[in-house]
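The task is simple: from the sequences and hints, build the whole structure.
Residue numbers (the working numbering), protein chains in the order written: chain A, 21 to 336; chain B, 21 to 336; chain C, 21 to 336.
Calculated from the structure, these hints are not laboratory results. Certain hints may be false.
Copies of the same chain are indistinguishable here, so a pair counts whether it falls within one copy or spans any two.
What the hints assert, rightly or not - Below, computed lysine-lysine pairings styled on DSS-like, alpha-carbon distance capped at 30 Å:
hint, residue 1, residue 2
1, 258, 110
2, 29, 140
3, 51, 139
4, 258, 140
5, 265, 110
6, 43, 27
7, 25, 50
8, 268, 258
9, 268, 110
10, 110, 140
11, 278, 139
12, 216, 139
13, 29, 51
14, 27, 51
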Amino acid sequence: MINGKFKGKDILSLDQFTPNDFKILFPLTKKMKNIGFNARPSKLLDGNIVTLIFYEPSSRTFGSFSAAVKQLGGQTVEIQNPQVFSSVAKGECLSDTIRVFEAYCDAIVIRHYETGSAKKAADYASSVPVINAGDGTGEHPTQALLDLYTIHEKFDRLDNLVGVVGGDILNGRTVHSLIRGLCRFKKNTLFLLSPKQLRLPRADFLYFRDKGINLIEIQSEEEIPKIADFWYWTRVQKERFKNLKDYKTVKNRFIVTKKLLEDYGNKEMILMHPLPRIGEIEQEVDSDPRAVYLKSQIRNGMYVRMALLALILGKV
Amino acid sequence: MINGKFKGKDILSLDQFTPNDFKILFPLTKKMKNIGFNARPSKLLDGNIVTLIFYEPSSRTFGSFSAAVKQLGGQTVEIQNPQVFSSVAKGECLSDTIRVFEAYCDAIVIRHYETGSAKKAADYASSVPVINAGDGTGEHPTQALLDLYTIHEKFDRLDNLVGVVGGDILNGRTVHSLIRGLCRFKKNTLFLLSPKQLRLPRADFLYFRDKGINLIEIQSEEEIPKIADFWYWTRVQKERFKNLKDYKTVKNRFIVTKKLLEDYGNKEMILMHPLPRIGEIEQEVDSDPRAVYLKSQIRNGMYVRMALLALILGKV
Amino acid sequence: MINGKFKGKDILSLDQFTPNDFKILFPLTKKMKNIGFNARPSKLLDGNIVTLIFYEPSSRTFGSFSAAVKQLGGQTVEIQNPQVFSSVAKGECLSDTIRVFEAYCDAIVIRHYETGSAKKAADYASSVPVINAGDGTGEHPTQALLDLYTIHEKFDRLDNLVGVVGGDILNGRTVHSLIRGLCRFKKNTLFLLSPKQLRLPRADFLYFRDKGINLIEIQSEEEIPKIADFWYWTRVQKERFKNLKDYKTVKNRFIVTKKLLEDYGNKEMILMHPLPRIGEIEQEVDSDPRAVYLKSQIRNGMYVRMALLALILGKV
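Here it is, written out as structure tokens:
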């Protein structure tokens, strides 16, 4: 069974996934979507316990994983902010904490504020697989997978695509993951639209282009190509600015409005956003059928997590 | 199936419920009581996920809803204090948060510190029903329903009743709901006993009286009518006082003691309290069989919530 | 059925357990170990709800109980830090809080910062059993039981044992419980190795010795007897020191290293620690097969809790 290769595996980085892996993951995600809508109660994870250990709060990712486990009939042990809890607060190191919690469960989902912590946790956990739910400025592979799945769901491919990435391309972890993911597939083109203070770092730009993706920096909305398959908009991250005035200068530079979508979008495209959204897409756009950020993009996050859990627990 | 009218409905206000609705809800609550005591495991909500999103902590209401879901074999996604969590802390608006969480579940229970938030949440949630678990000084319909159920359970009617309401009738949300609920039925009389600083606002007094309930303000315990069917006592809410001295003046003005119950109560009455109780009913009264506040009144809260969940999820 | 004596019983203190009780509890714990590894999904607690109410955070104990319930197919209602939640913050007394939560569930697990609170909670709860998950400097019976089980699992007896206790023997609640537990059985000898500021209080020393255990205080590692069956090491508890300098003087006085284990340990012994560990056992020791603190000792905590839950809920 080809799926068997996932059993017991940690999910730490998007880079683990080969194009062939997507051929396993994406059809399974589609099946999970069906379970979510029509085929509950599922007993796929009946008797399984997944520990969610979140050193950093993230209500959406936490809720998505919690629901993913329960949609499949599993149970969670939920630990939030253990660093203010006694053991960790008393000075316990991450390795001990992880080895304690792996004793209680079949898989661990970890969110941490320090880059590299998920990898460390996976190294420490000797008996159960670990899923990275975001580690500092590092990776957040399930977010990247849900973004790619959402594009694939619409266009049935991950190559030969034209996309527009708008907003903060300097700091946005999700944007970097998306670009890295699309690098794996052929003939993809991305138009990068951001204030000049928030451009993709030069080194990354060159690195990604070397990998074969076509990256084109643009300065204004007028340069958005009408043929783009998707727009991927992001929030300008206030918390990254030392100077609030600098933030205010750029935060609302590029806003998606009904008019913008009408002028520069096409009928078949989709409009994505990793959320949270703080004004960079107008609420008037939400009801547009092309706007998937509060609809399938969110749901796909839960479905892709259901698929991954089923795979690493060896249940499919 | 008459119950079908509840399927998918939001539960936002006591005012939604017609006397006929009580004829559905109350017998079902009684059935739930039976499940709670004798007929578990129930699989009525097997495969269902209910999100509890509490912007304001309330251990009792939270625990009651959490248990209600699980008594029926369902699962919860539990989010507490999302406003200090990243997405909301980053400035996400309530509508986005609700649309994210509705993607994960079959129903949302929301507690919020701002009046009107539950209604807003229900408007935003397009695919799942929303239950108001208390919104600021607004409504807390399941508390009102459990109070009415507790009276109905004892007397098998909600009309032709005489009650005494004691304590803070100015600020008590639960008291206002109780009066509003009893207005719907005929020939009810309430004696209102409170310090004069904490009387029912005049406008409310007149409004309720216009609706047909007989309201009689009394000044001292001696005026409590021996024939009252129930006493509903409430806490003087310290947090509403700007001046601590004012609070201290009135907080212990009316205290239920064994003696008071003996002198002014009758054998068939019940003594209720919405809790928490901070001294306004002496602990010596707890063991009195007429004292239901720590017994059936609490349990009925869980049962009425079980009934509502089963109804809005279309499982009965 | 002899197990029946546990049904509905509170678990408050190690002193409740007679040697005969261990003959019930330990074989059942072994069965639970089997369920944990091979025999899930278990439906032993299907339809049961256990409330975990933690007034003091303790991620490990919390996670262990949460997992124990779910390993057996039960559900939890989880309330953390109710003292900052509204009802308790508003001044509600413990008795009311407990009586509210017992209405929602089949058993209560309580952790509290005040000694004696678990006993109080058990007195207040009239319809469900209560398990003490640690109350201040008082008891933490499930920790003591897992320690005894871990020794019993290895040596198949709790008498005729020689142990070494290292570290803080003044403040360590778990150490006191272990000694008290071993007092119940015959011909046990414990070597006590601690800085002189952290010795077992004289009164306790004499009390335990009167009970029949052989206690020998030693001053340095060289006095550790090669024949010891187990070493039980503990953390020097920083939070107990008023003066940080005093803490620094003693904290690293006795550290278990590979070399120490080689020089003074034997092949059949086990090395235990109640965790968290802050340097008093070197990480290099973790991979030693005799080091059980991050392995069976942790898992046994969950299994002994599963066994206790099954017993008090009358499911075995």
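Next item on the list: List in ascending order the numbers of the hints, as given earlier, that are violated by the structure.
Entry: 12
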